[in-house]
Every structure is written in structure tokens, then in C-alpha cells.
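Engineer: Chain by chain, the residues run as shown.
Number of protein chains: 2
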Amino acid sequence: MIPALINGEFRQSISVFDRGFHYGDGLFETIAVKQGKPLLWQQHMQRLQAGATQLKLHLPDSQLLYREALHLIQQSQQSQFVLKIMISRNNTGRAYYYQPESLSQRVLLLFPWPQYPASYQQQGVKLRFCHHYLSPSPLAGIKHLNRLDQVIARNEWQDASIAEGIVLDNNGNVVEATMSNIFAISAERVIVTPDLTQCGIAGVMRAWLLAYIQQQAWSYQITTLKPSQLKTMQEVFLCNSIIGIWPVTQIEDWHYTIGDMTLKLLQAVAQIN
Amino acid sequence: MIPALINGEFRQSISVFDRGFHYGDGLFETIAVKQGKPLLWQQHMQRLQAGATQLKLHLPDSQLLYREALHLIQQSQQSQFVLKIMISRNNTGRAYYYQPESLSQRVLLLFPWPQYPASYQQQGVKLRFCHHYLSPSPLAGIKHLNRLDQVIARNEWQDASIAEGIVLDNNGNVVEATMSNIFAISAERVIVTPDLTQCGIAGVMRAWLLAYIQQQAWSYQITTLKPSQLKTMQEVFLCNSIIGIWPVTQIEDWHYTIGDMTLKLLQAVAQIN
Numbered sequence: 020m021i022p023a024l025i026n027g028e029f030r031q032s033i034s035v036f037d038r039g040f041h042y043g044d045g046l047f048e049t050i051a052v053k054q055g056k057p058l059l060w061q062q063h064m065q066r067l068q069a070g071a072t073q074l075k076l077h078l079p080d081s082q083l084l085y086r087e088a089l090h091l092i093q094q095s096q097q098s099q100f101v102l103k104i105m106i107s108r109n110n111t112g113r114a115y116y117y118q119p120e121s122l123s124q125r126v127l128l129l130f131p132w133p134q135y136p137a138s139y140q141q142q143g144v145k146l147r148f149c150h151h152y153l154s155p156s157p158l159a160g161i162k163h164l165n166r167l168d169q170v171i172a173r174n175e176w177q178d179a180s181i182a183e184g185i186v187l188d189n190n191g192n193v194v195e196a197t198m199s200n201i202f203a204i205s206a207e208r209v210i211v212t213p214d215l216t217q218c219g220i221a222g223v224m225r226a227w228l229l230a231y232i233q234q235q236a237w238s239y240q241i242t243t244l245k246p247s248q249l250k251t252m253q254e255v256f257l258c259n260s261i262i263g264i265w266p267v268t269q270i271e272d273w274h275y276t277i278g279d280m281t282l283k284l285l286q287a288v289a290q291i292n
Numbered sequence: 020m021i022p023a024l025i026n027g028e029f030r031q032s033i034s035v036f037d038r039g040f041h042y043g044d045g046l047f048e049t050i051a052v053k054q055g056k057p058l059l060w061q062q063h064m065q066r067l068q069a070g071a072t073q074l075k076l077h078l079p080d081s082q083l084l085y086r087e088a089l090h091l092i093q094q095s096q097q098s099q100f101v102l103k104i105m106i107s108r109n110n111t112g113r114a115y116y117y118q119p120e121s122l123s124q125r126v127l128l129l130f131p132w133p134q135y136p137a138s139y140q141q142q143g144v145k146l147r148f149c150h151h152y153l154s155p156s157p158l159a160g161i162k163h164l165n166r167l168d169q170v171i172a173r174n175e176w177q178d179a180s181i182a183e184g185i186v187l188d189n190n191g192n193v194v195e196a197t198m199s200n201i202f203a204i205s206a207e208r209v210i211v212t213p214d215l216t217q218c219g220i221a222g223v224m225r226a227w228l229l230a231y232i233q234q235q236a237w238s239y240q241i242t243t244l245k246p247s248q249l250k251t252m253q254e255v256f257l258c259n260s261i262i263g264i265w266p267v268t269q270i271e272d273w274h275y276t277i278g279d280m281t282l283k284l285l286q287a288v289a290q291i292n
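Taken in sequence, the protein lines are chains Y and W. The first sequence runs contiguously to residue 292 in our numbering. The second sequence runs contiguously to residue 292 in our numbering.
Keep in mind the hints are simulated off the structure, nothing from the lab. Treat the hints with care, since some could be wrong.
Part of the chain Y face toward chain W, derived, beta carbon under 7 angstroms [stated by the list, open to error]:
(1) Q31
(2) T111
(3) Y115
(4) Y116
Every value quoted in this text rests on a predicted model; they were computed, and no experiment measured them. Don't be surprised by glycine CBs; every beta carbon is placed ideally from N, CA and C.
This is chain Y alone, in the form it adopts within the complex (with noise of 0.2 angstroms):
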């Protein structure tokens, strides 16, 4: 059984009334636990805040949320988990409309680590381009329960050889994954990565890289991305809170070798905790 605690409850259902199941109308956050311990966890807040201000959604306590994942995770003699935190608006009745004092409420749930293959991170994963597109949305960034793009980009294909999906814009602009953001590396070595201002969800992992390589003061640039200008890069990866990075070996026909900035992040980012 996955443990979930509800509202501060140990439960396993919400009710049939809730806003977050009539319309998604909630948030939420998916973290790597390992020892026991939630990774980059200021982040997950900071992204959840975002989300909360556009949705004028009434967050909890960020060091209520922290004391209550604590209690969940020492639920369990595993140290390694993948903690999913949605918070959700209450029930208000049957109508779009909600009282703007209305609360939330907060779910969380502690699912097992996912069993992905080793060489995904080790020799790279393969790619396709999704048929299903997105479009620009005032809510693109957050990370909103409407996920029936992700849900229908990601059921697209069930060869298990192919890793992830790319998804495009209404335009044709590469945006992400169906699970994660995606970066390329340019024959000049600058890094690539599609801006997310007008559709996607920003990664905290992508967040996270992007600090780091502004610490390193290395050259990067996000911007708008052709599937074409993918082609041609020497280096491209996939990065989100839970599979870190992997290194992407192909796209459709397009072959990549693992390159050393590559590898180099893949180093940092196994350094968080």
C-alpha cells in the first residue's frame, strides 16, 4: 500500500467532491526522497508558491508540508521514495465559481522509488517526437493537475525501447517531455533549452541546472528550439527532479554521443542532497 496522509490523516480517499477531481483545480509536486531526506526542497516550495499566486490557491505552511512528509517517510524502512505533494481546492459546490476564501486541501502520498533501467543514465535513452502538440496557455510554467496533454503525449507509443516523448508547440517549437525538460548542447558548446514562458512545465530540476551552469559561467541560451536545430546539436539530455539527467543517444533517426558537459552536470546534480 502507498502511505498517504490526508489533511494530517493516514487515509487512502478523498472525497468525490473535491475541486481538484471535478476541474484540477490544485497543484502539485513530485520529490525525490533519498535518505530519508526530500532534495531540493526550498525549490519544490518556491515552484508550488508560483503556482499557488497564479491560482490564488491557499498554500499550507511550507514547514507543515516538510514536518508532514518527515512523518510519512518514517513510515517506511525504505530510504529512497518518491514523494508526490497535492494540494488541491476544497469543494465549494457544483459551479466554476469558488468562494475566494475557500481553503485546500493538502495530500501526500509516498510512492517506491521507480524501477528505470540503469543504462538510461549509464548509455543514454532514445527519443520520439509526440504527435500530440501543445499550446500557449496563461498557466504554462506551473505544475497544474490539468495533465491530460502529458497523459495523451505520453500513451502515444508503448514500444518500451523508447524512453520519453518530445512534445511541440502549436508552432512546431520543441517544449519538453512528456515528464521532463529537455537541454541540448550546441557545436560551439552553448546549452540550449526551450523557453517555457508561453507553454510547459518549468522543471525545479531545470531550474536547478540552470543555476548550476550560471554559477559555472558557462554559455546558455533559452530560447525558441526547432526540432531542426535538435538535429544538428552535439549533446542533449532530459532532466527532472526524480530521473536527475539522462543523456539522450537518439532521436527518431538523429544519433548523439554523451559528451563531457553532459557527463559533467550528470556529476553535479548526483552531488544534490
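Could you slot chain W onto chain Y? The hints should help.
Structural biologist: This is chain W only, laid out in the frame that chain Y set:
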């Protein structure tokens, strides 16, 4: 207490792992129940089927849903309700990926009839334009559980004298209102309603009205509609399965009268049983 029938059982809660809650991975229908009977049942089932095909969602048999709806309705002494049917994909783990054979769960909820002022239908309503906009999506038209756009648009205003808000797309074209579809009638007596193949929700009442209008051999167009065109229209009205038709007498500073075509359609909708 709102009566709720979940997979055939009277319950008030769902699993916290439901994919409807996590991703909005599901569909819903909002159905008027009058004299104990769900109205436009076939039409609602057709839209549900169209959405299920698009989401590759396993649908329960519509006769089972109908039997359960009647069972739920019989629990109450009232004769007028809003029946909400929600179909969501069963939990299949913490990931966007689902097993293709994944089953669905069905939730039937029986809400009290909303207490809209009688004046809305008799004297018309006042609308505003929302700032929040919609974008083209492959998911346009279907009534899925990702409804944050509507939540945000509807909560832009608190002023109770404004009944509804018009939502535009990213090109500034009229799409719909937050919970209803919009029709307008030009000086040449052509009935116009926005094309919803790129974004928006194609309402069951909208479809019913379009079929009725065709049957009457009245001129109509399903097309793009600019706010500037809306300004020049003779009559404007909103529709959905619950409100039927609300004549519009004001949009921001533009004023309209309730014309004879709106009144004829109001009479026709009143006959639905």
C-alpha cells in the same frame, strides 16, 4: 448531503490515487433532470462516447449509466436536479502512462437545481469579457476533467450582477462563456455561433439548438466571431443543458434587446422532455 453513486455503490469518497484527481484523466456530463427524467440523454451519451474515443477511455454501458441515474434520482423527493456523470481512468501507478486495458470508474452525483434568478431567462443577463484566454488544443470540443481555464476565467469577477463571462481565444476570437455556449443573430437574421474545432467545449444544448435551427431552415453560420462583430449583433444568447437559454441584454457597454428569434428558441427549449 449530495447523493453519490460510485461504481454502483453509495459512497462519498474516491481513491486518492484516481487518475481523475491526479491528471484530470476523464470526462464528465452535466445533465438536467426534470420530472425525475434525465433530459437529452442520448445526446449526452454521444458526446461522452466522442470524448472516450479521443481519450481511449473505457466507457461503461450507457444503459447501466441510465439505470444507475434513475436509481440515484429515486433516492430523493425532488423532481428537478443536476445529474453529473464523471468517468475517470482507474489508477495504474504514478505515471502519465496507463495500461491500454485500464478500466474506468463511474461517479454519478445528484446536485440540487441551481437557484439562478428567474430574471435571467425573463429579462436577460449581463456579460463581461474575461482576460483569461483559451488556446487551440487537440482536446477541443470534448468535456474532459481539465477545467482550470474555466475556473480561472469564472473567478475573475465577483460582481453578482454579471451572470457570465465571455472567453476569447489567443487570436481574440469569441469562443464561449465560462459555462455556456454563445449564439448571436445578425441584422440579416443569420444565427452565428463560434466554431469550436480548435478550442472550447461543444455543448449538448448548442448541438440541440443547431439541429433545431437546421430543421426550421433558418440561416446559420458556425464561424469565427470577433468581439467587434458581436457588438453589431441584434440578439445574443447563451445556452447550456442546465440554464437552457439566457437572453443577453448587455456585454460590457453594449446593449441588446431580447428579439423574436431568441424568444422562439426559448419556447422550443422549454418543450424538451
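Engineer: Hint by hint, note whether the structure agrees.
Structural biologist: For each hint, the structure was consulted:
| no. | hint | verdict |
| --- | --- | --- |
| 1 | Q31 | holds, 6 angstroms |
| 2 | T111 | violated, 11 angstroms |
| 3 | Y115 | holds, 4 angstroms |
| 4 | Y116 | holds, 5 angstroms |
Hint compliance for this structure: hint 2 is the single one not met.
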